[in-house]
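My request is simple: use the sequences and hints to build the entire structure.
Counting from 1047, one number per residue, gives the positions in the sequence shown under the working numbering.
If you are wondering where the hints come from, they were derived from the structure by calculation, not from laboratory data.
Be aware that one or more of the hints could be misleading.
[Stated by the list, open to error] List of simulated lysine to aspartate or glutamate pairs, EDC-like, C-alpha gap at most 16 Å:
{"id": "1", "residue 1": "Lys1255", "residue 2": "Glu1222"}
{"id": "2", "residue 1": "Lys1249", "residue 2": "Glu1210"}
{"id": "3", "residue 1": "Lys1255", "residue 2": "Asp1240"}
{"id": "4", "residue 1": "Lys1255", "residue 2": "Glu1212"}
{"id": "5", "residue 1": "Lys1096", "residue 2": "Glu1083"}
[Claimed, not checked] Ranges of calculated distance between the beta carbons of each label pair, as one might list FRET restraints:
{"id": "6", "residue 1": "Gln1123", "residue 2": "Gly1067", "range": "26 to 32 Å"}
{"id": "7", "residue 1": "Thr1238", "residue 2": "Lys1122", "range": "41 to 47 Å"}
{"id": "8", "residue 1": "Val1260", "residue 2": "Gly1074", "range": "16 to 22 Å"}
{"id": "9", "residue 1": "Arg1248", "residue 2": "His1223", "range": "17 to 23 Å"}
{"id": "10", "residue 1": "Ala1230", "residue 2": "Gly1266", "range": "24 to 30 Å"}
{"id": "11", "residue 1": "Arg1215", "residue 2": "Leu1071", "range": "48 to 54 Å"}
{"id": "12", "residue 1": "Gly1067", "residue 2": "Ala1204", "range": "43 to 49 Å"}
This one's a predicted model, so the numbers in the text were calculated from it and none came from an experiment.
Note that beta-carbon positions come from the ideal geometry of N, C-alpha and C, so glycine has one too.
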Amino acid sequence: MAKSPLVPIAIVDDHILVRKGLVELINGIGGYLVVLEASNGLELVRALEKGPDVQLALVDLNMPVMNGFETLAWMKQHAPSIRPLALTFEGSEEAVVKAVRNGARGFLLKDIEPEVLRFALDRVMEAGYYHTDLVHNSLVNNMDQQTSHERAKAEILAQLSPRELEFLRMLCDPDEHTYEEIGAAMNVHRRTIDGYRETLFRKLGVKSKTGAVVYAVRWGLLS
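Structure, rendered in structure tokens:
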């Protein structure tokens, strides 16, 4: 009887020792063969454009150039036939939710035992997904599939009026406008600008223009 063909896998991880260890492990468990290695998402994209057939991918979330979340999102849109598993040292709810939302079929910690990896690969090939208690609980606690940061950002934005947000955008402009210039651009009097400033600073819990800019950047309010 002819043997079943090996399932082709891609490994995407910027740590060479981790990547090589995974290659050796996966090639040794039977049924799977690593046909593509990449140190970041961009390398994976370029390699896939050359045509190697890949059915599964292990994707590290923390990589330079093009991180794991971006890589998962790219595969979800451009290579939906590939079933990716997120791979990381960190098992936070935020990382799980973001990975699953971007297309991960499962979530693996790098300290798992070899038999767990084998089970996860088999499960993804058979059922399409590998969901552990960590994934289940993270999704149950975040049914809207928003991370805690995204949820907090939405709550902050909901407190700001369109004009306050416009004022904040002017504050953060690299040209560093004066309050008089902001008033002219928004076609309002200086007293109105002072009102926007006082209300905005109170809502953001800051005391200065610099504080407002730092707050906006930290929470990504203008992105």
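Checked hints:
no.	hint	verdict
1	Lys1255 - Glu1222	holds (10 Å)
2	Lys1249 - Glu1210	holds (10 Å)
3	Lys1255 - Asp1240	holds (12 Å)
4	Lys1255 - Glu1212	holds (14 Å)
5	Lys1096 - Glu1083	holds (13 Å)
6	Gln1123 - Gly1067: 26 to 32 Å	holds (30 Å)
7	Thr1238 - Lys1122: 41 to 47 Å	holds (45 Å)
8	Val1260 - Gly1074: 16 to 22 Å	violated (50 Å)
9	Arg1248 - His1223: 17 to 23 Å	holds (21 Å)
10	Ala1230 - Gly1266: 24 to 30 Å	holds (28 Å)
11	Arg1215 - Leu1071: 48 to 54 Å	holds (50 Å)
12	Gly1067 - Ala1204: 43 to 49 Å	holds (46 Å)
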